[in-house]
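**Q** Make a model of the complete structure from these sequences and hints.
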Amino acid sequence: MIDSFEAARSVLLKLSEKLGKLKEHKAKEEAALLEAKILCENLSYTHGVKESKTEKANNSKKKHEQKLKDIENDIARFEDEYEHEKKTYRVEARRIYEKCRVLEEERLELIGDTLMKFIKTAYSSENSTQQRVIYKELKSYLKDKRDTTEDLDFWAQTYGVYDSTTSLSTETNQNDDAHNDDDDDDDDEPSSADTTTSSTKTKSKKNQK
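For the sequence shown, position 195 matches number 177 in the working numbering, and the numbering has no gaps at all.
A portion of the hints provided could be inaccurate.
To be verified - Computed cross-link-like contacts, EDC-like style, restricted to lysine to aspartate or glutamate with a CA-CA straight-line distance of at most 16 angstroms:
no., residue 1, residue 2
1, K81, D135
2, K44, E12
3, K10, D52
4, K3, E87
5, K45, E12
6, K99, E119
7, K43, E17
Keep in mind that the hints were calculated from the coordinates and are not lab data. The structure displayed is predicted, hence computed values, not measured ones.
**A** Following this line, the structure appears as structure tokens:
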């Protein structure tokens, strides 16, 4: 998916680099033009200067003025192209992102579900009290910190799919609420250790009778 984003914005990046170089050239040309103007002004106040020298200075000034004008025209043209390409990229990036969003959400949900199942399976009767504390802490952490929208926001903002002020985290997910309710119910389920302890106590009472 990253390759898809990179390919989609490759033209945009090239235009951005081109604009950067043009602006550097503009700064250099402005400095050169300023020097040429100063030279022409100094020569105009100097007596006995050869006409050829004055003419050469004026030609140099005109040359820098023309170069600066050409660079400014190029910058304006590339800025227009950049804005046009930016709109094109955003449309394509949104399309790629929506596809990526589905895959990423499924992946993160699978990781979370798998980890929850692993925790439940790893829980055994040995050191039951300590393990149950660890189990509850992990489960609580997963429920509180498990937010796929934060990762999706990062993708969107990194690749300019949405504005940096736009957050997808505000979108409500009723399925997550239902999932959390189910998890709360699971906390009340007796553990294998509790079941074993209860069974042992029952047998002990029967033997006493």
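**Q** Now look at each hint and say whether the structure bears it out.
**A** Here is what the structure says about each hint:
1. The suggested pairing of K81 with D135 holds, with an alpha-carbon distance near 14 angstroms, which does not exceed 16 angstroms.
2. Taken as a hint, the K44 and E12 pair is honoured in the structure, with Cα atoms around 12 angstroms apart against an allowance of 16 angstroms.
3. For the suggested pair K10 and D52, the alpha carbons sit about 14 angstroms apart, so the restraint of at most 16 angstroms is met.
4. Only pairs whose Cα atoms come within 16 angstroms are accepted, and K3 paired with E87 is rejected, the gap being roughly 40 angstroms.
5. The suggested pairing of K45 with E12 holds, with an alpha-carbon distance near 12 angstroms, which does not exceed 16 angstroms.
6. Taking the CA atoms of K99 and E119, the gap is about 15 angstroms. The hint holds against a cut of 16 angstroms.
7. At roughly 9 angstroms between alpha-carbon atoms, K43 and E17 fall within 16 angstroms of each other, so this suggested pair holds.
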